[in-house]
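Trainee: Here's the letter readout for the chains.
Protein chains: 2
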Amino acid sequence: MQKMVIVGTCAFDEIESPFGKTGKILGGAGTYIGLAASNFDLDQAIVSIVGSDFPQEYIDILKNKGVNMEGLEIVKDGKTFFWKGLYHNDLNSRDTLVTELNTLADFNPIVPEDYKDSEIVVLGNLHPIVQLSVLKQMNTKPKLAILDTMNFWMDSALEDLKNVIAHVDVITINDEEARQLSDEYSLVVAAQKISEMGPKFVVIKKGEHGALLFEGENIFFAPALPLEEVFDPTGAGDTFAGGFAGYLASTGDYSFENMKRAIIHGSNLASFCVEKFGTERMQDLKPDEINQRLLKFKALTQFNIDL
Amino acid sequence: MQKMVIVGTCAFDEIESPFGKTGKILGGAGTYIGLAASNFDLDQAIVSIVGSDFPQEYIDILKNKGVNMEGLEIVKDGKTFFWKGLYHNDLNSRDTLVTELNTLADFNPIVPEDYKDSEIVVLGNLHPIVQLSVLKQMNTKPKLAILDTMNFWMDSALEDLKNVIAHVDVITINDEEARQLSDEYSLVVAAQKISEMGPKFVVIKKGEHGALLFEGENIFFAPALPLEEVFDPTGAGDTFAGGFAGYLASTGDYSFENMKRAIIHGSNLASFCVEKFGTERMQDLKPDEINQRLLKFKALTQFNIDL
Numbered sequence: 001m002q003k004m005v006i007v008g009t010c011a012f013d014e015i016e017s018p019f020g021k022t023g024k025i026l027g028g029a030g031t032y033i034g035l036a037a038s039n040f041d042l043d044q045a046i047v048s049i050v051g052s053d054f055p056q057e058y059i060d061i062l063k064n065k066g067v068n069m070e071g072l073e074i075v076k077d078g079k080t081f082f083w084k085g086l087y088h089n090d091l092n093s094r095d096t097l098v099t100e101l102n103t104l105a106d107f108n109p110i111v112p113e114d115y116k117d118s119e120i121v122v123l124g125n126l127h128p129i130v131q132l133s134v135l136k137q138m139n140t141k142p143k144l145a146i147l148d149t150m151n152f153w154m155d156s157a158l159e160d161l162k163n164v165i166a167h168v169d170v171i172t173i174n175d176e177e178a179r180q181l182s183d184e185y186s187l188v189v190a191a192q193k194i195s196e197m198g199p200k201f202v203v204i205k206k207g208e209h210g211a212l213l214f215e216g217e218n219i220f221f222a223p224a225l226p227l228e229e230v231f232d233p234t235g236a237g238d239t240f241a242g243g244f245a246g247y248l249a250s251t252g253d254y255s256f257e258n259m260k261r262a263i264i265h266g267s268n269l270a271s272f273c274v275e276k277f278g279t280e281r282m283q284d285l286k287p288d289e290i291n292q293r294l295l296k297f298k299a300l301t302q303f304n305i306d307l
Numbered sequence: 001m002q003k004m005v006i007v008g009t010c011a012f013d014e015i016e017s018p019f020g021k022t023g024k025i026l027g028g029a030g031t032y033i034g035l036a037a038s039n040f041d042l043d044q045a046i047v048s049i050v051g052s053d054f055p056q057e058y059i060d061i062l063k064n065k066g067v068n069m070e071g072l073e074i075v076k077d078g079k080t081f082f083w084k085g086l087y088h089n090d091l092n093s094r095d096t097l098v099t100e101l102n103t104l105a106d107f108n109p110i111v112p113e114d115y116k117d118s119e120i121v122v123l124g125n126l127h128p129i130v131q132l133s134v135l136k137q138m139n140t141k142p143k144l145a146i147l148d149t150m151n152f153w154m155d156s157a158l159e160d161l162k163n164v165i166a167h168v169d170v171i172t173i174n175d176e177e178a179r180q181l182s183d184e185y186s187l188v189v190a191a192q193k194i195s196e197m198g199p200k201f202v203v204i205k206k207g208e209h210g211a212l213l214f215e216g217e218n219i220f221f222a223p224a225l226p227l228e229e230v231f232d233p234t235g236a237g238d239t240f241a242g243g244f245a246g247y248l249a250s251t252g253d254y255s256f257e258n259m260k261r262a263i264i265h266g267s268n269l270a271s272f273c274v275e276k277f278g279t280e281r282m283q284d285l286k287p288d289e290i291n292q293r294l295l296k297f298k299a300l301t302q303f304n305i306d307l
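As they're listed, the protein sequences go chains A and B. Just so we're aligned, residue 1 is where the first sequence starts under full-length UniProt numbering, counting upward by one. Just so we're aligned, residue 1 is where the second sequence starts under full-length UniProt numbering, counting upward by one.
Hint data in this document are derived by calculation from the structure and do not stem from the laboratory. Treat each hint with caution, since some may be false.
Pairs involving identical chains hold if they fit within one copy or between any two copies, as the list cannot separate such chains.
For lysine-lysine, the following DSS-like pairs were computed, each having C-alpha atoms within a straight-line distance of at most 25 Å [unchecked claim]:
| # | residue 1 | residue 2 |
| --- | --- | --- |
| 1 | K76 | K276 |
| 2 | K162 | K141 |
| 3 | K21 | K79 |
| 4 | K21 | K76 |
| 5 | K296 | K200 |
| 6 | K84 | K298 |
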């Protein structure tokens, strides 16, 4: 079984949307990535930091999904990272109402000894220096290092970001961020430029408009599943990344052909994530539901033209 | 060979974009639909109206592609419909600078006798009363009536629009217009509601984000081909519709499976249309280029997951 180590936040989220509001609930990139990846056969660990206010119950949710939580630092008397967001009517845009870094401000991730030879490393959206420090702790070069990031780091820590980008095999980034990072409007040209910064594979996430995978001249596209109702987009991008990485870890095949399947698995899982608030849907997801929906993806995208 | 009759504008367009400006060039929905459909094996006619300022050379472009132009009324001393638009930097939005209806204001389409038994009728974007009058001239019920429309008619002639929608088999409409017409945000729900108005098949065009085909519970999605450079989006939607309709006419198969192929053919042709100003790229398009690009669509979207 292949090992995968994830660095990413475990957090409190509070969400307001046209469909209602939550109290403080379980959130964070690391949480969503781990939950999504837990649907595949792999040995994974999350490296993160929380305060003593983070309920054991939340940690157990991940442990019960087979996620190793040794790398979760619990800061005594510390407070957990908190994010509060308000979604607008179309759910495509949101305002951040509150961001309290709390313990995350001093996060110094320590990769558990047993995971320093992981085949896959997933660097969830964090300060690029924190992401790089995880890569540097690995005893063996991972077969695949996957980086997620956002425009905030392009604005505030571009050189550090470019440095960590140079060290990874895959970058996942949304369309607007790809344009900002490359200074190119065309996503095809943007992906080429970003690939020149280091990553062999560039994944551009377009939210409800799907995701693109680039490797050199090869391009693959997966749509988001058209849904009757989207309830809460929080965590969809991280769920996509977790499904993508988890599938690759479970297969050990890093070819473009297999990455295509990984993109579909990621998109498939993300389509569940948005159906309920927070992690709720991801917690009770069954293998049968996943397979049924993969059939929907096939029906949605596959055609037969003789050429 | 199946017959197809198209009603739609033959026009002068003038386009300004970040890539330059054109003088008055050949444009119009009927023109783009006919050019796209001419890549398939069918017997097609355009019903339209122009003024005597419309060059014979433009009519010959369509005739040389095998389009019957008997239904083109040329108004002596009349002026041809003229549209001038300005595209913004991202090419996703545009301002209409000039609209001169001219002869189009009194357009009373007459379907040529030979085409009153056409298997396919394509109702390009026009006043819904004009569209309906074409349907009523048919001697035999067409196997497939396809309607394109836009928000302008929803604002100004909603009841007439609903009336013609009730008489067609397929509607093509963009995402924002689908939302406006159905008063639903979710495109899945919007398509269901629009289908209840009459059309068995609903095609929602999302521009650079692709197109969705709905029939009851069945959904198919085709992306737009990611391009390094989009030069001029004018006519892309009509080219898509023309490719869709032309492929269906050439095959005579109106099943959902074949409609999927038609959506791919439409998307494929639209990807050429945007590469040059106006109709330029569509005029010199070769079968070999079309087939090569279909292979790109396959590579872009097809995957293999065993379930």
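Trainee: Each hint: holds or not?
Mentor: Outcome of the hint check:
With identical chains, the CA atoms of K76 and K276 are never at most 25 Å apart, being 32 Å at best within one copy and 63 Å at best between copies. For the identical chains of this complex, K162 and K141 are intra-copy neighbours only, at 19 Å inside a copy versus 63 Å across copies, given an alpha-carbon limit of 25 Å. For the identical chains of this complex, K21 and K79 are intra-copy neighbours only, at 22 Å inside a copy versus 59 Å across copies, given an alpha-carbon limit of 25 Å. In the homo-oligomer, the alpha carbons of K21 and K76 never lie at most 25 Å apart, since the shortest distance is 29 Å inside one protomer and 66 Å across protomers.
For the homomeric pair K296 and K200, the shortest alpha-carbon distance between copies (20 Å) is at most 25 Å, but the shortest distance inside one copy (30 Å) is not. Taking CA atoms no more than 25 Å apart as the test, K84 paired with K298 passes in neither setting, with 36 Å inside one copy and 42 Å between copies.
Of the numbered hints given earlier, the model fails hints 1, 4, 6; all others are met.
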